[in-house]
Amino acid sequence: MGIALIAGAGMAGRACALTLRRVGWDGEIVLVGDEVTHPYDRPPLSKSVIVGTADMDKVVKPAPETYAQDRIDLRLGTRVEAVDAAARTAALSDGTSVAWDAFVLATGCAPRQLPIPGLERAHRITRMDEALALQALLAQGPQRLAIIGGGFIGMEAATAAVAHGHTATVLEAAPEPMARPLGREVAAHVLRWAQARGVDVRAGVAVESVAEAGVVLAGGEEVPADIVIAAVGQAPRLELAEALGCEIADGGVRVDAGLCTSVEGVWAIGDIAAFPSPWADEERIRVEHAAVAIGHGQVAAERIALGEGLYEDLPTFWSDQGDLTLNVVGVPRPDDEIVWRGDTETPACTAFYVRDGRMRAAMSVGDMKTLRGVRKLFAAGVEPPPAVLADPDTDLAALAAAG
Amino acid sequence: MAQVSIGSLGDFADGELTRVEADGTALCVVRVGDRVHAICDDCPHAEASLSEGDFLADDMAVECPLHGSAFNVETGEPDCPPATEAVRVYPVTVEGDDVLVDV
Numbered sequence: 027m028g029i030a031l032i033a034g035a036g037m038a039g040r041a042c043a044l045t046l047r048r049v050g051w052d053g054e055i056v057l058v059g060d061e062v063t064h065p066y067d068r069p070p071l072s073k074s075v076i077v078g079t080a081d082m083d084k085v086v087k088p089a090p091e092t093y094a095q096d097r098i099d100l101r102l103g104t105r106v107e108a109v110d111a112a113a114r115t116a117a118l119s120d121g122t123s124v125a126w127d128a129f130v131l132a133t134g135c136a137p138r139q140l141p142i143p144g145l146e147r148a149h150r151i152t153r154m155d156e157a158l159a160l161q162a163l164l165a166q167g168p169q170r171l172a173i174i175g176g177g178f179i180g181m182e183a184a185t186a187a188v189a190h191g192h193t194a195t196v197l198e199a200a201p202e203p204m205a206r207p208l209g210r211e212v213a214a215h216v217l218r219w220a221q222a223r224g225v226d227v228r229a230g231v232a233v234e235s236v237a238e239a240g241v242v243l244a245g246g247e248e249v250p251a252d253i254v255i256a257a258v259g260q261a262p263r264l265e266l267a268e269a270l271g272c273e274i275a276d277g278g279v280r281v282d283a284g285l286c287t288s289v290e291g292v293w294a295i296g297d298i299a300a301f302p303s304p305w306a307d308e309e310r311i312r313v314e315h316a317a318v319a320i321g322h323g324q325v326a327a328e329r330i331a332l333g334e335g336l337y338e339d340l341p342t343f344w345s346d347q348g349d350l351t352l353n354v355v356g357v358p359r360p361d362d363e364i365v366w367r368g369d370t371e372t373p374a375c376t377a378f379y380v381r382d383g384r385m386r387a388a389m390s391v392g393d394m395k396t397l398r399g400v401r402k403l404f405a406a407g408v409e410p411p412p413a414v415l416a417d418p419d420t421d422l423a424a425l426a427a428a429g
Numbered sequence: 280m281a282q283v284s285i286g287s288l289g290d291f292a293d294g295e296l297t298r299v300e301a302d303g304t305a306l307c308v309v310r311v312g313d314r315v316h317a318i319c320d321d322c323p324h325a326e327a328s329l330s331e332g333d334f335l336a337d338d339m340a341v342e343c344p345l346h347g348s349a350f351n352v353e354t355g356e357p358d359c360p361p362a363t364e365a366v367r368v369y370p371v372t373v374e375g376d377d378v379l380v381d382v
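In order, the protein sequences belong to chains F and Y.
Heads up, our numbering is the position in the first sequence plus 26, with the first residue counted as 1.
Heads up, our numbering is the position in the second sequence plus 279, with the first residue counted as 1.
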């Protein structure tokens, strides 16, 4: 047994710690997180937390006393400052040192810094304290928001704010927000749905600076705002992995299907892990979404405690945008051919991502039956031709069951 | 645990989800033939009311209306991500026509 040290108390690190105890690891568990809030679900930050509708007992979970009950040594407001791979020790910012037998890197991402003058004036929504600060401002009454960045976080914040009586202008450098994760064709529909719900989206614009009264665009136009939010993306925190000598690949820490890095006794999970997936053509993928983070944490814990377990889940993520929820399963690529099923106006539809004639992913909105059918098709390994997928009269779950 | 009556069998249509408050606990209740199942109405994954989802009779599971994880009404376990935690299952007994839940 010995000591399992987990650097990072986000969703991956939390899942790893809780699972370690559940699968019978009897050694020490040290869970180190740099935030002062107890571990929480991050997805609500850009949605229900900022607009104040979140039930915090369901966001900050499990209950704080769980860690003591499970004998998890939770160090909040603490960072791993330095590591010694040969001696297998880590120095923490609280002045203590941990001699680890298993080291799990769950360091997540850091918000991207862009060279935009005045960007430090903008709010971020990457941490609980930041989301609560924004919540306090939005609670003062209707605000004009300017949101720099039209990725999932920016669009979620915009749709949530508009649904609660604020106005929101999203400023996006690319021609369509979310084109990189969803492809241009699907992204164009998502953009249209957000616009129909009252979000003002300015795509293809460059931000010059953030000023007292709002955001200044290239060319001098000013977008007035009471509150500016920067949702300009993030980058994996790789410093500890590099210090340990872990191989870096595909923008992350290279791991095997058991989430083990190139250094024995060191695992990498969540946002930072570049992992092999049976669902992707690429040798390795990196996914910055909650379900993958939790799955990684669970598998790494099984590996550490039991010496078995592989992460082979179908990647899945979702984005709640106001009253719409986008559910994505599989690994979409921006250049995939798109085949639609259902009504894109309501919307109650599914976009299938087709590559080499095969369905590789799907984005579903307002269409739970098709989403379930898609999951069953993936699980059964059944690949109906695109024309069959597109036909709203075909029962996908039945096709999956028939094999 | 307190046994609370949540109505009569006839109050619940077969295979339809109903939200019921029992002793301050929100339940998602479904009748299947002469049996009644009750699970916690809050999706353990995100902020959703499970009774606004669908009952999948083939799987004996309640599908979350937001993200599609389906929770087995007997075990509470989800069948697929994004949910990873089981939902709490509450024992139900039917005495005569009376539906009683242990909450």
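If you're looking for bench data, these hints aren't it; they were derived computationally from the structure.
Even for Gly, the Cβ is constructed at its ideal location relative to N, Cα and C.
Be careful, since some hints might not be right.
[What the hints assert, rightly or not] Some chain F residues close to chain Y (C-beta under 8 Å, calculated; not the full set):
no. : residue
1   : Ile320
2   : Thr342
3   : Thr372
[Stated by the list, open to error] To give an idea of the chain Y side of the interface with chain F (calculated C-beta under 10 Å), a few residues:
no. : residue
4   : Pro323
5   : Glu326
6   : Pro344
7   : His346
8   : Ala349
9   : Glu353
10  : Asp358
11  : Cys359
12  : Pro361
13  : Glu364
14  : Ala365
15  : Asp376
16  : Asp377
Hints versus structure:
1. With a cut of 8 Å, the hint placing F/Ile320 at the interface with chain Y holds, because the nearest CB-to-CB distance is about 5 Å.
2. For F/Thr342, the suggested interface contact is upheld, since its CB lies about 5 Å from the closest CB of chain Y, less than 8 Å.
3. Evaluation of the F/Thr372 hint against chain Y yields a violated restraint, the C-beta minimum of about 15 Å exceeding 8 Å.
4. For Y/Pro323, the interface hint holds, the least distance from its beta-carbon to any beta-carbon of chain F being 8 Å, beneath 10 Å.
5. At its closest, the beta carbon of Y/Glu326 sits 6 Å from a beta carbon of chain F; the interface hint therefore holds under the 10 Å criterion.
6. Because the closest C-beta pair between Y/Pro344 and chain F is about 7 Å apart, less than 10 Å, the hint holds.
7. About 5 Å separates the beta-carbon of Y/His346 from the nearest beta-carbon of chain F, less than 10 Å, and the hint is met.
8. Interface hint at Y/Ala349: satisfied, since its Cβ lies 7 Å from the closest Cβ of chain F, which is below the 10 Å cut-off.
9. Residue-level restraint check for Y/Glu353 is violated (minimum Cβ-Cβ distance to chain F is 19 Å; threshold 10 Å).
10. Look at Y/Asp358: its Cβ gets to within about 9 Å of chain F, closer than 10 Å, so that hint holds up.
11. For the restraint placing Y/Cys359 at the interface with chain F, the shortest Cβ-Cβ distance is roughly 6 Å, inside the 10 Å limit, so the hint holds.
12. Checking Y/Pro361 against chain F by beta carbon gives a least distance of about 4 Å; that is within 10 Å, so the hint holds.
13. Using the Cβ-Cβ criterion of 10 Å, the hint placing Y/Glu364 at the interface with chain F is satisfied: the shortest such distance is roughly 9 Å.
14. Using the Cβ-Cβ criterion of 10 Å, the hint placing Y/Ala365 at the interface with chain F is not satisfied: the shortest such distance is roughly 12 Å.
15. Hint on Y/Asp376 is violated. Least Cβ distance to chain F is approximately 33 Å, over the 10 Å limit.
16. Hint status for Y/Asp377 relative to chain F: violated, with the closest Cβ pair at about 32 Å, above 10 Å.
Violated hints, in rising order: 3, 9, 14, 15 and 16; the structure is consistent with all others.
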